[in-house]
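For the record, the sequence lines run as chains H and D. So for the first sequence, full-length UniProt numbering puts the first residue at 1; every next one is plus one. So for the second sequence, full-length UniProt numbering puts the first residue at 1; every next one is plus one.
Certain hints may be false.
[What the hints assert, rightly or not] Chain H is faced by these chain D residues, among others (derived, beta-carbon under 8 Å):
id : residue
1  : Gly171
2  : Pro172
3  : Lys343
4  : Pro446
5  : Leu456
6  : Gly492
[Said to hold, decoys possible] Capping the alpha-carbon separation at 30 Å, the derived lysine-lysine pairs in DSS-like fashion look like this:
id : chain 1 : residue 1 : chain 2 : residue 2
7  : H       : Lys423    : H       : Lys445
8  : D       : Lys19     : H       : Lys18
9  : H       : Lys378    : D       : Lys248
10 : H       : Lys353    : H       : Lys74
11 : D       : Lys473    : D       : Lys93
12 : H       : Lys4      : D       : Lys179
13 : H       : Lys438    : D       : Lys101
14 : H       : Lys323    : H       : Lys398
15 : D       : Lys478    : H       : Lys49
16 : H       : Lys359    : D       : Lys465
17 : H       : Lys423    : H       : Lys74
18 : H       : Lys423    : D       : Lys179
19 : H       : Lys353    : H       : Lys376
20 : H       : Lys380    : D       : Lys473
21 : H       : Lys56     : D       : Lys478
22 : H       : Lys376    : H       : Lys359
23 : D       : Lys515    : H       : Lys417
24 : D       : Lys473    : H       : Lys359
25 : H       : Lys311    : H       : Lys295
26 : H       : Lys417    : H       : Lys295
27 : D       : Lys328    : D       : Lys248
Since the hints were made in silico from the structure, they are not lab data. Each residue gets a CB set at the ideal place from its N, CA and C atoms; glycine is no exception.
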Amino acid sequence: MKVKVLSRNPDDYVRETKLDIQRVPRNYDPTLHPFEVNREYTRALNATKLERVFAKPFLASLDGHKDGVNCMAKHAKSLSKLLSGSCDGELKVWDLTKHECVRTLQAHEGFVRGIVVRFCGTSFFTAGDDKTIKQWKMESPGYGEEEEPLNTILGKTVFTGLDHHQKDGVFATCGQQVDIWDEQRSSPIRSFTWGVDSFSAVRFNPVETELLASCASDRSIVLYDMRESAPLKKVIMTMRSNTVCWNPMEAYYFTCSNEDYNLYTYDMRFLDRPITVHMDHVSAVLDVDYSPTGKEFVSASFDKTIRIFPKDGGRSREVYHTKRMQHVICVKWSADNKFILSGSDEMNIRLWKANAAEKLGVLTPREKVAVNYSQKLKEKFQHHPQIRRIAHHRHLPKSIFHQTKELRVMKEARRRKERNVRKHSRPGAVPVVSEKEKHVVTVVK
Amino acid sequence: MASPGKASVSDSHVGKKKKPPARYWQEETDGEKKGAEDGGRAAEEEPRTQKPKQEEHQREGKRFISGKSDPFPGPAPIPEDRLQKFKRKEKTKKHRRQHYKLRDIITRSEEASEMAQKQAARFDILLPEDAGFLEGDEEEDTYTISQEDIADAVDITSGAKYFNLKLSQFGPYRVDYSKTGRHLLLGGRRGHVACVDWQSKQLMCEINVMESINDVKWLHSETMYAVAQKKWLHIYDSNGIELHCIRKFNDVLRMQFLPYHFLLATASASSFLKYLDVSVGKEVTAICTKTGRLDVMCQNPHNAIIHLGHPNGTVTLWSPNQKEALVKMLCHQGGVRSVTVDKSGTYMVTSGMDKKLKVYDIRALKPLQSYFLPAGASCLSLSQRGLLSATTGDVVQVYKDVCNTPVTKPYMAHRVRGTAWGLSFCPFEDVLGVGHGDGFTSMLVPGAGEPNFDGLDANPYRSAKQRQEWEVKALLEKIQPELISLDPCELGQVDQATFQQRHQDRVQALVSVWKNLIVLLDT
């Protein structure tokens, strides 16, 4: 007879010395691993719950301004520097690693309306309510030297916004009209007007570097090409936009933050309807900034909260608020995609984590694997009701919670009324207007 | 998915003319395209067996300097049956009207799943052990070969796995092996309980509980076990210390432990089926089955459903979420004596008072085979590799491959010293443990055990530290009892029923509104 009985050599299965790692032989046969879906679901549930447990996004508060923070600028080359300008004309340069202010200078009398760092990182420009644009050196002045701007340009009207070109020595300001300036000249090389009396923000497109967008007070967003002599086109909406921000990865998408509590992402080629309407704030949205990956953006609102939206999602994935943070005026997403900076009108700049449950610092390879695994599990089971309920749950301040409910009731009432009117009138008399088209009045070329 | 594999290997510029890069509108030759795809996939995969194959992929479709072409182009083929073993679901059919994003997500996830299945199938080659076998000579029938002959013919460690424990004082013994197969629990009718590491013959504990014992069962690891004593259910530590006496569970006749749910299911003489969560110590449900004394019980390891056999010939299937049986099957003309289910949850083998042994397909609920045994089988057990052991009185018979093909003669047979009372295959060994009136016999059954265990699931060679880590992870992924149902993959499917129901409700609402409108317009 031929016989073989299963006999294992323990030397193959047990480690040789205490200093070795344990041996773990693997067999991926599915019958040895029953209940795959259920176990993965339980792991996903645990991962979601732990994410909520570890979601502590607030990192630090940068204290020092004597008036509300009006605008901020990221350093073009360094991740640890931040510039902020306040409503009393003071400009501070912060070191984010030490949470300290390293340099203070009195930039303007009146509000500092815009700060932008030149692409090379050696100097920066500020524009203020005293009708001046000043260029400053990035290095602090040496011992005994006074803080002096490199260059001062006097304008005729108040400037309300400032942005610099990505590659050339050209910058744009907006006030009563949008001007393009050359750094060496003291008068604008080109001015764009379109019958509007004031503009609130101007931005250069980071990808198609010759394009600009600006928000005008006639509830419109105007697009320009620097090489042309007249503006390209504009889209007029139902309410005014406060700021506009271009998507750093997609050349033709920009997002504007509007007074009607929403943000709109437009494709600049098709301005007749927005690509997405982002609805979640309960008060006017004041500022918006994209993440360097282009997949998400952060918005600051008058309702004392910051929200992070996915670029194609109508609802926010995250909301940050603190009892001490009042109306948030400006917000920036750091260039390493990890941090969010918010400046509010109670004179503080707050540093937040972009992913609230992320562990900062260097992760060991096992930690990275575990993080990736739980991320994938959460993604896989995100639509299951229990997991969705836990993942979406956020604590909101009472005022905002009640305000959202109230807004929902109001919207529902309006919708019901419109439905009733349509039901009781001639078919076709009241056309169905989609949510996206509702907010655009017209596009003018 | 461009072919990074092709690009990552540095172009050997020798003898090659520089081609302009291929554009997407230009047709590629089939072979090159296939080589590019496979090369891409190979470059992405965790290379364990891929490094020699990668070169093959790059060269596929290209000529070598010598002018010869690759005799084995493309990746190594995977045998179809091995691929079938790892196959999960069929690909979902995509509607034309689906959103393009959804279609994209589904396609991508299915591609990733297929790749994972192929990788797992390829990894099968690297499994270290092979299953056992017993083949007789030309006229010799394998069931005539005695255990002593087998023990002499194999090596000394395997020979030591055949042993008898003479324990005639304390009554017929119930047997249970722990999930890793390392530890053995013996419970005698008259109160003797012993737990042993049977491979090293080390006695862990031995106590007499001074009461009659109906059943013994290991809990999740070798640290705790449950003993169903005459009155109540007791839980002991592996040192023999009594940890709990659970008075709510009275007159327990049979127990089954569901390892991934940490549930101990108990069947009592008063026809109650009760579930106890051993991690938190709470009774999950108590189901009054109203079917009389429950002394035939087994679990389906694939979906954690409990099978109960009844004296009227029916087998009923229970889950803790329903107060009624999920399925009631009439299996035998007399009472059911024993039930067992295989590890993949496909086949159920039952034996009854009508001396028949029947095999059912439990997923389709259809009878497959029916055998006549001259004396009926009092205990049944299925091994990990599909061997069935059946005992009648003091004879133990093992049948090979009972479920698929009709079987005419047993694979092995052995006579034990007393009437067999408990039967259990050892999980990763070629061993069958029989508890009988004269003690315990461990017999060799070549080909019964799964040769390759998974270290992360049940590792017979784990250290105490590994066991503790495993226990924590197992507790974290403990499945809630609400998820126990006939189809364990229910969570992975779209809930069409609820969607249809909601859709119908909406349609009904709209229809009624329309009807009211018509009535209003008419009047």
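Hint check against the structure, violated hint numbers in rising order: The structure conflicts with hints 1, 2, 7, 8, 9, 11, 17, 18, 26, although it agrees with all the remaining ones.
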